[in-house]
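**Student:** Residues per chain are reported as follows:
2 protein chains.
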Amino acid sequence: MTSHLWFHEVGQHHFGIQIRVRRTLCHVQSPYQEIMLLETEGMGRMMILDGCVMLTERDEFLYHEMLAHPAMCSHPNPKRVLVIGGGDGGTVRELLRYPEIESIDLVELDEQVVRVSQEFLPEISAGLTDPRVTMHFRDGVVFLEERTNTYDIIFIDSTDPVGPAAGLIAQEFFANCKRALRGQGIVVMQSESPFVHAKEIKQIHHNLRPVFPNPQLYLSPMLSYPSGWWSFTMVSEKFDARRDFVEERCHRVSKQLEYYNPAIHQSAFTLPNFVQRMLNEPQDA
Amino acid sequence: MTSHLWFHEVGQHHFGIQIRVRRTLCHVQSPYQEIMLLETEGMGRMMILDGCVMLTERDEFLYHEMLAHPAMCSHPNPKRVLVIGGGDGGTVRELLRYPEIESIDLVELDEQVVRVSQEFLPEISAGLTDPRVTMHFRDGVVFLEERTNTYDIIFIDSTDPVGPAAGLIAQEFFANCKRALRGQGIVVMQSESPFVHAKEIKQIHHNLRPVFPNPQLYLSPMLSYPSGWWSFTMVSEKFDARRDFVEERCHRVSKQLEYYNPAIHQSAFTLPNFVQRMLNEPQDA
Numbered sequence: 000m001t002s003h004l005w006f007h008e009v010g011q012h013h014f015g016i017q018i019r020v021r022r023t024l025c026h027v028q029s030p031y032q033e034i035m036l037l038e039t040e041g042m043g044r045m046m047i048l049d050g051c052v053m054l055t056e057r058d059e060f061l062y063h064e065m066l067a068h069p070a071m072c073s074h075p076n077p078k079r080v081l082v083i084g085g086g087d088g089g090t091v092r093e094l095l096r097y098p099e100i101e102s103i104d105l106v107e108l109d110e111q112v113v114r115v116s117q118e119f120l121p122e123i124s125a126g127l128t129d130p131r132v133t134m135h136f137r138d139g140v141v142f143l144e145e146r147t148n149t150y151d152i153i154f155i156d157s158t159d160p161v162g163p164a165a166g167l168i169a170q171e172f173f174a175n176c177k178r179a180l181r182g183q184g185i186v187v188m189q190s191e192s193p194f195v196h197a198k199e200i201k202q203i204h205h206n207l208r209p210v211f212p213n214p215q216l217y218l219s220p221m222l223s224y225p226s227g228w229w230s231f232t233m234v235s236e237k238f239d240a241r242r243d244f245v246e247e248r249c250h251r252v253s254k255q256l257e258y259y260n261p262a263i264h265q266s267a268f269t270l271p272n273f274v275q276r277m278l279n280e281p282q283d284a
Numbered sequence: 000m001t002s003h004l005w006f007h008e009v010g011q012h013h014f015g016i017q018i019r020v021r022r023t024l025c026h027v028q029s030p031y032q033e034i035m036l037l038e039t040e041g042m043g044r045m046m047i048l049d050g051c052v053m054l055t056e057r058d059e060f061l062y063h064e065m066l067a068h069p070a071m072c073s074h075p076n077p078k079r080v081l082v083i084g085g086g087d088g089g090t091v092r093e094l095l096r097y098p099e100i101e102s103i104d105l106v107e108l109d110e111q112v113v114r115v116s117q118e119f120l121p122e123i124s125a126g127l128t129d130p131r132v133t134m135h136f137r138d139g140v141v142f143l144e145e146r147t148n149t150y151d152i153i154f155i156d157s158t159d160p161v162g163p164a165a166g167l168i169a170q171e172f173f174a175n176c177k178r179a180l181r182g183q184g185i186v187v188m189q190s191e192s193p194f195v196h197a198k199e200i201k202q203i204h205h206n207l208r209p210v211f212p213n214p215q216l217y218l219s220p221m222l223s224y225p226s227g228w229w230s231f232t233m234v235s236e237k238f239d240a241r242r243d244f245v246e247e248r249c250h251r252v253s254k255q256l257e258y259y260n261p262a263i264h265q266s267a268f269t270l271p272n273f274v275q276r277m278l279n280e281p282q283d284a
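Taken in order, these protein sequences are the chains called A and B.
By the count of numbering that gives the first Met the number 0, the first sequence reaches residue 284 at its end, each step adding exactly one.
By the count of numbering that gives the first Met the number 0, the second sequence reaches residue 284 at its end, each step adding exactly one.
Derived from the structure by calculation, the hints contain no laboratory data.
Hints should not be assumed to be uniformly reliable.
Note: identical chains are not told apart, hence a pair may lie in one copy or across any two.
Computed list of lysine-lysine pairs in BS3-like fashion (alpha-carbon distance at most 25 Å, straight line) [said to hold, decoys possible]:
(1) K254 <-> K198
(2) K201 <-> K177
(3) K254 <-> K78
(4) K177 <-> K198
(5) K254 <-> K201
Just chain A, same shape as in the assembly (with noise of 0.2 Å):
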């Protein structure tokens, strides 16, 4: 017998994904949001907070991958990285890959979202009680004020730029990513979908560009978010991600993953023309 109950989420244009759930693993409202950890019919379990859905057993790979391993393909020598935000593990799973990484700070604003994770996500986030990992149960726009001249690589893996994480696109949070960076590193963040987030993307951009000049976008599917489709957002003063792309070190990595591989780290930053136009627009189109 298949269920009733199903979770719909809507977003932009009154379009919108509906997902059959078995049975609820857990409902709760922590001190910052909603958290639901349900398991589908059909996607493995999936994890909710507010109402959006932040992954899904069956496609997580896909967010995971691209988010850590491009930046990870694209610095010559990371070893000291932080993550801001992925409580729930996948990030860090992914940067544990390489025996280059010698720490990770992970700083997640919930510390709910991490307990729900560990229980109810073994998999995913298995990394987080690895020695190399130290988690931070903090506001990471105020941690990173702390931090100068520490990380070769920052991750900004958070939810949607409204609430708890609008901070994370300001421009002077970009400034402390740089303070925080050692040397010339990279930070690279998720950045939304190019389908209905357009205007978030050129926030983005826009708030990024007088700190660090060329941010590079780069797409790739994503079933249960938006539209399917995700941008993400790399940035440095030095590094150049086609440029300075270190293929030995992701030819090994790739052979561990399901989507990620030389090629894809290529075609990833190629850009269909109306993600370019919407690039080139003024922020306010």
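With chain A fixed as given, assemble chain B onto it according to the hints.
**Tutor:** Structure of chain B alone, referenced to chain A:
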């Protein structure tokens, strides 16, 4: 006031989409299928055949550009072409962008699809009355049995390969395609979603290989189709999409387009690891 009418399409994995509908413009049963033409709140007008979204005005450019242009830019001299299915006219609209094309045969089983498109989707279907286009309201499988040495490129713009369209992925059909090509042309087809139709893609490639040994899969986002990500397959005895790429033609046509451009031509054929593995699996795995 927003409408309370919603269209739902649930596919594999108990995963689906939902789109808010402002009004129903047409809802008929043709001899072949149920045809709905809906005006949505945020995706423009939408055509639905037997419960499956065929197109929305907001995202049809993705599918039609990516079905038409990669093959058109991989053939040195495409003059005579055939479209099987595609009664909405979107593929023909893309093909008419090429002055190189002298004639287009469109073979659509269901005349009512064309009539409904001409009434409610005039911008998509306008090209169907172009003097270079000849419409045939027939079964594409039978039509092709009668053709020999005729076309430079055959575009298979079909619905899902079940019911009326099942014959369009049979090995005999592909052999007839080969015979209908003039010299060594190209056949290109929509080939379902790499996320949710692995079985169908493997079936298509299994049936293709005895006729065309090296099918080339390529990928594109597609919001309103299941999983938001779609595949196409191009085959030819002679032409390779990357090696025989006609960059000048691509550069020229892409100025009129929203998605496709020379860099996209190359990157669309880049396959993620799990898709490569899927194509290497036995057909019944």
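**Student:** Next step is simple, just say for each hint if it's right about the structure.
**Tutor:** Going through the hints against the structure:
1. K254 <-> K198: For K254 and K198, only the inter-copy Cα distance (24 Å) is at most 25 Å; the intra-copy one is 36 Å.
2. K201 <-> K177: within (20 Å within a copy, 47 Å between copies)
3. K254 <-> K78: Answer is within; shortest intra-copy Cα gap is 21 Å, inter-copy 43 Å.
4. K177 <-> K198: Only inside one copy: K177 and K198 sit 24 Å apart there, 47 Å across copies, limit 25 Å.
5. K254 <-> K201: between (35 Å within a copy, 22 Å between copies)
Taken one by one, the earlier hints all hold for this structure without exception.
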